[in-house]
Structure formats: structure tokens, C-alpha cells
Amino acid sequence: MRFGIVVFPGSNCEEDALHAARDLFGQDADYLWHKDADLKGADVVVLPGGFAHGDYLRTGAMAPFSPVMGPVREFAARGGPVLGICNGFQILLEAGLLPGAMLRNRGLKYRCEHVHLRVERTDTPFTRAARQGQVLRIPIGHGEGNYFAPPDALAAIERNRQVVLRYTDAAGRLADAANPNGSVNAIASVCSASGNVVGMMPHPERACEPLLRGEDGRVIFESIIDWFRSAGRRALQPSVGAP
Amino acid sequence: MRARVFVTLKPSVFDPQGRTIAEALHALGYAGVEEVRQGKYFELDLATTEAAQARALAADVADRLLANPVIESYRIEVAD
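As given, the protein sequences belong to chains A and Z, one line each in that order. Every letter in the first sequence is one number past the one before it in the working numbering, and letter 44, counting from 1, is 44. Every letter in the second sequence is one number past the one before it in the working numbering, and letter 49, counting from 1, is 292.
There's no promise every hint is true.
Think about it this way: if two alpha-carbon atoms lie no more than 20 angstroms apart in a straight line, the pair counts; the simulated EDC-like pairs of lysine to aspartate or glutamate are [stated by the list, open to error]:
hint: 1; chain 1: A; residue 1: K35; chain 2: A; residue 2: D55
hint: 2; chain 1: A; residue 1: K40; chain 2: A; residue 2: E15
hint: 3; chain 1: Z; residue 1: K283; chain 2: Z; residue 2: E320
hint: 4; chain 1: A; residue 1: K109; chain 2: Z; residue 2: E266
hint: 5; chain 1: A; residue 1: K109; chain 2: A; residue 2: E144
hint: 6; chain 1: Z; residue 1: K253; chain 2: A; residue 2: D152
hint: 7; chain 1: Z; residue 1: K253; chain 2: A; residue 2: E144
hint: 8; chain 1: Z; residue 1: K283; chain 2: A; residue 2: E144
hint: 9; chain 1: Z; residue 1: K253; chain 2: Z; residue 2: D306
hint: 10; chain 1: Z; residue 1: K283; chain 2: A; residue 2: D55
For the record, the hints were derived by calculation from the structure and aren't laboratory data.
Turn these sequences into a full structure, and let the hints guide you.
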């Protein structure tokens, strides 16, 4: 399958994502520049980590206006799988493709460490190879990962089962000390109502080989590759205006 | 005209920066400062000379980019 990894000015995790997709999983993968007008045949779109457009106003605030986000929105609306990692998650929130917003970390510190995550959903394209309740150990690296949604929106997110991953301890138990940034309901990852757009603060591409002291991120890549094998392009709605 | 846009976190949203600043002030002896909320302030120099147009343009800019309506609200002042 073909990975399209979107590069904004200030992105800095695109090479890690490309390396994982191409070198570790043997998939076709290439960059998409933020000014590109199409997705160049991508079967999955990855918005990588970094500081898109510098994050000067708010994290991810400018990126929704980049030209490539038009085709990304259209792809997502057709059911195409879109994964936002860290800053990519922040961009999906600012773009309104996912509900909620990010605040500064509770302790104001940039947190760069391994965390434990409990898988809450295994019916998204990015978690279908995981087990329900499985605990993953994957690194984070962010200063603004304090996920927030107003009470009504949060209730809807929980009711619709849009939480994909939660911060837990190593045994999969919710604990305040295991929540690195103060995220409401310990939310580390959410998906769209239809499940095909997923944002996550942890970096699975940094946890795919023993050299990096952990391979729990592999399940995210294995999931999307498995999704493509079993559903793939057939799962997409036709383009608007297509013959 | 000049428009001033004040962007603040909604009252229900926790402001860790404001809390930290309040704690710093308490450490400096300002016990009378009970709470601090940090926000953002923008000055927009606008081509228009019509106050209503200036206000509408500033609101458009604030809605579209300067504020995130999930967590923030804004207030606009227009002056010559």
C-alpha cells in the first residue's frame, strides 16, 4: 500500500514515519508537500509530528489552511484512513476533523518519555491488529498534549466510543500518575465518528524496532496494512464529481 | 483603524500558565493576587476607516484563526 506522509514547514518526524513504512514494513511511501494539490495516489495519509508552520499562534493552527488539507479532507470524507501523530493530531483538531482541543501540559513541561496506553477500540483502521485492552508502551514528546473537550462534547466522544487509547499504568489501570499531561479522561487518542480519522499523541513510528527500545508501535502499522489488504480502496466512497 | 483582539481561555478551561504565574506572585509576597488568567493580545492595523467594518473584519479574523472556539473566547475593541 502507499503511504502519503504530509510535510509542512516545521514538520520533523516525517523521516521517522517514512523509515517505518518503507524500511521496516516494506510499503510504498512518499512525502506530500503541504502545497500539493493532490495526494499522489496515497492509500493512507499520515500527518507526522513536529511544529507545522512553527506552531507560533497555537499548535497546528495554521496547517488546516495549507493547500494539501483540501484533498486530505476530501479523502477523509470518503472513508480514507488518516493518522495524525502528535503535531498531526493537533492539526486534525484545529482542522475540525477530530473533536476537542489541546492545552499546555498540566505541569507546563515538555514531556519526552515512554508511556503506557490501553487500547480502547480495535475497530479502527489503525488498531484492528491490537487486542481490546492491550497495553502498549510507546514514547511521547510534546508540550501541548493536554487533551480537552467541553463536558457535552466529551460525553458525546465517550458515548460514541471515539476514544482509541488512554494513558494507563503498565497494568492498564487508570491512574493520575500515569497521565503525563493532564488529558481529560486520560485520553491519548481519539477517532472521528466514522473511525477512519485517528489522532494520537504517542509516536508509534518511534517504537517499531529493538534499537529504539520497544516495538509496540508496530501494531499501528500492522493494523493499517491489514486494513488495506482486507478492505483497501474498496472501502472508499467515490470522489465527488467522479464519473 | 486599529482593532484590538483579546483572546482568553474560557472560564471553564484550566490555565496552567496562569496558575504558575499566580504561584510566582504569591512567592513574591503578593498574597492579594488571588488568581491569574493568561491570554493573548493582538493589534490589527486595518485599511478601513469604518468602525463597523473594522469590527466585522477583526471578528472574521478571530473566528477563522486567532481563537480556537473549543477553548477560547475573544473580545474586540476598535479605535482610530
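Check your understanding: Are K283(Z) and E320(Z) close enough, with their CA atoms no more than 20 angstroms apart?
Key -> 14 angstroms, holds
Check your understanding: Do the alpha carbons of K109(A) and E266(Z) lie within 20 angstroms of each other, as the hint requires?
Key -> 16 angstroms, holds
Practice item. Please work out if K283(Z) and D55(A) have their alpha carbons no farther apart than 20 angstroms. Key: Roughly 15 angstroms separates the two Cα atoms, so the pair holds.
Review point. Taking 20 angstroms as the top limit, are the C-alpha atoms of K253(Z) and E144(A) close enough?
Key: Holds: K253(Z) and E144(A) sit about 17 angstroms apart, inside 20 angstroms.
Review point. Between K253(Z) and D306(Z), does the CA-CA distance stay at or below 20 angstroms?
Key: Holds. K253(Z) to D306(Z) sits at ~15 angstroms (cutoff 20 angstroms).
Check your understanding: Within 20 angstroms, alpha carbon to alpha carbon, are K40(A) and E15(A)?
Key -> 18 angstroms, holds
Practice item. Quickly compare the C-alpha distance for K109(A) and E144(A) to 20 angstroms and report which way the hint goes. Key: 9 angstroms, holds
Exercise for review: For the pair we were handed, K253(Z) and D152(A), check the Cα-Cα distance against 20 angstroms.
Suggested key: 15 angstroms, holds
Point to revise | 20 angstroms limit on alpha-carbon distance, applied to hinted pair K35(A) and D55(A) | key: 17 angstroms, holds
Exercise for review: Sort out whether E144(A) lies within 20 angstroms of K283(Z), counting only the CA atoms.
Suggested key: The given pair, whose Cα atoms are some 17 angstroms apart, holds under the 20 angstroms limit.
Violated hints: none; the structure is consistent with every hint.
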